[in-house]
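Chains as they are written, first to last, in my numbering: chain A, 96 to 212; chain B, 96 to 212; chain C, 96 to 212; chain D, 96 to 212.
Among the clues, some could well be false.
For identical chains, the list gives no copy identity; a pair is met inside one copy or between any two copies.
[Said to hold, decoys possible] Keeping only pairs whose Cα atoms sit at most 30 Å apart, straight-line, the calculated DSS-like set for lysine-lysine is:
no., residue 1, residue 2
1, K155, K187
2, K154, K107
3, K199, K107
Rather than coming from a laboratory, the hints here were simulated on the basis of the structure.
There are 4 protein chains.
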Amino acid sequence: MDSLDDLNRRLKAFAVQRDWEQFHNPKNLAMALAGEAGELLEHFQWLTPEQSAALGGDKKEQVALELADILIYLIRLSERLDLDLVAAAYRKMALNESRYPVEKVHGDARRAEEYGS
Amino acid sequence: MDSLDDLNRRLKAFAVQRDWEQFHNPKNLAMALAGEAGELLEHFQWLTPEQSAALGGDKKEQVALELADILIYLIRLSERLDLDLVAAAYRKMALNESRYPVEKVHGDARRAEEYGS
Amino acid sequence: MDSLDDLNRRLKAFAVQRDWEQFHNPKNLAMALAGEAGELLEHFQWLTPEQSAALGGDKKEQVALELADILIYLIRLSERLDLDLVAAAYRKMALNESRYPVEKVHGDARRAEEYGS
Amino acid sequence: MDSLDDLNRRLKAFAVQRDWEQFHNPKNLAMALAGEAGELLEHFQWLTPEQSAALGGDKKEQVALELADILIYLIRLSERLDLDLVAAAYRKMALNESRYPVEKVHGDARRAEEYGS
Numbered sequence: 096m097d098s099l100d101d102l103n104r105r106l107k108a109f110a111v112q113r114d115w116e117q118f119h120n121p122k123n124l125a126m127a128l129a130g131e132a133g134e135l136l137e138h139f140q141w142l143t144p145e146q147s148a149a150l151g152g153d154k155k156e157q158v159a160l161e162l163a164d165i166l167i168y169l170i171r172l173s174e175r176l177d178l179d180l181v182a183a184a185y186r187k188m189a190l191n192e193s194r195y196p197v198e199k200v201h202g203d204a205r206r207a208e209e210y211g212s
Numbered sequence: 096m097d098s099l100d101d102l103n104r105r106l107k108a109f110a111v112q113r114d115w116e117q118f119h120n121p122k123n124l125a126m127a128l129a130g131e132a133g134e135l136l137e138h139f140q141w142l143t144p145e146q147s148a149a150l151g152g153d154k155k156e157q158v159a160l161e162l163a164d165i166l167i168y169l170i171r172l173s174e175r176l177d178l179d180l181v182a183a184a185y186r187k188m189a190l191n192e193s194r195y196p197v198e199k200v201h202g203d204a205r206r207a208e209e210y211g212s
Numbered sequence: 096m097d098s099l100d101d102l103n104r105r106l107k108a109f110a111v112q113r114d115w116e117q118f119h120n121p122k123n124l125a126m127a128l129a130g131e132a133g134e135l136l137e138h139f140q141w142l143t144p145e146q147s148a149a150l151g152g153d154k155k156e157q158v159a160l161e162l163a164d165i166l167i168y169l170i171r172l173s174e175r176l177d178l179d180l181v182a183a184a185y186r187k188m189a190l191n192e193s194r195y196p197v198e199k200v201h202g203d204a205r206r207a208e209e210y211g212s
Numbered sequence: 096m097d098s099l100d101d102l103n104r105r106l107k108a109f110a111v112q113r114d115w116e117q118f119h120n121p122k123n124l125a126m127a128l129a130g131e132a133g134e135l136l137e138h139f140q141w142l143t144p145e146q147s148a149a150l151g152g153d154k155k156e157q158v159a160l161e162l163a164d165i166l167i168y169l170i171r172l173s174e175r176l177d178l179d180l181v182a183a184a185y186r187k188m189a190l191n192e193s194r195y196p197v198e199k200v201h202g203d204a205r206r207a208e209e210y211g212s
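The shape of chain A in the complex, shown without the other chains (with noise of 0.2 Å):
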């Protein structure tokens, strides 16, 4: 079975044990997420980006910690908000080949706007 059906089936029955489907609308849980991205940050913020790129030991299980927060926040939104999480990151994948020709951004990390299409 796909790892992410298998996160959202396990995700889903702890929080129906714990009576906690009733906190876990949308707009809380975009919020737990957002939180989750902040405490992220704060692993980096003082770091070179050299030093982001080297992480050890103890810290890079907390960072890997943090990203497994966040992905479980994300497929907590995804079952309820009924989404198709995967699908979804096809099409905006489709969406940025066609933003983002390689002959028009090689090299070249602005934003899609800034390239005044």
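Given the structure of chain A, go ahead and fit chains B, C and D onto it with the hints provided.
Coordinates of chains B, C and D only, in the frame set by chain A:
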């Protein structure tokens, strides 16, 4: 093949073709992820919790694409940090199971540190 | 003296004394500010809107200190970027006045782009 | 009059005139603030720390207006929560002075909990 593995492969190719891996250090990717989490919030900020659970049409698709953006950066970060995102999610769920025993937290969603364990 | 000017002076001295200005480039400070905004969210994520308006005691003080952290990074960022934060706020308010005329948006809090100007 | 007091008064009038105070509960305002912090990140995410310190022209004005948005929501939140933002900033600075003594943290920007105090 697992959906996250396929997405990972395609996202890496997308970045390599555009010579964007130079920008994709973990510090920058963490910022990009948190920026997308901020966009997600903007969809929900003035909605009541009830309204947030009843999105339809265009708005729902916009939210789906925000979640896709977050997933995309989550996958990229895991790849750049050489982390197994799904394995980390299982580790985190095991931690949550022991931190929040059903009999202790039933119907009560305070944060872990507020349970005064 | 204006409160923001006094805070600015003290925050700069705090950083200089610790030799922390080397870390206080705008990129890092933007991350630190957004990390604090994430902590702010965590206080409110499982509360109803009504509960969020009725904080008391300890919780209220914790939120006050999160707001303080955000103000502190806002002042530091403005100083590092050589920006006048209060003047920018007046400019932004003037923009908001013209974007959201009273007769058009009364009682309706959609985002600007959703008014289909 | 102090700049924050004047801004506070004008922001409150702006919301009252539009009948927007109904949306301005602390939960919603915290989300709006964090959404703006996300927009701030997007300006800096692909820049090096050095580039982030050398913004000019349009980009600098865009960042100034993002900082203004954050200040605006910070002031609104403080008003809705009946908090004195500047007094909280002084309390937080006093805490920081005792948490980060100069002789202990000189030139070292780890997070407080990482000093293993």
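Hints the structure violates: just list their numbers, smallest first. Nothing - there is no hint that the structure violates, so all of them hold.
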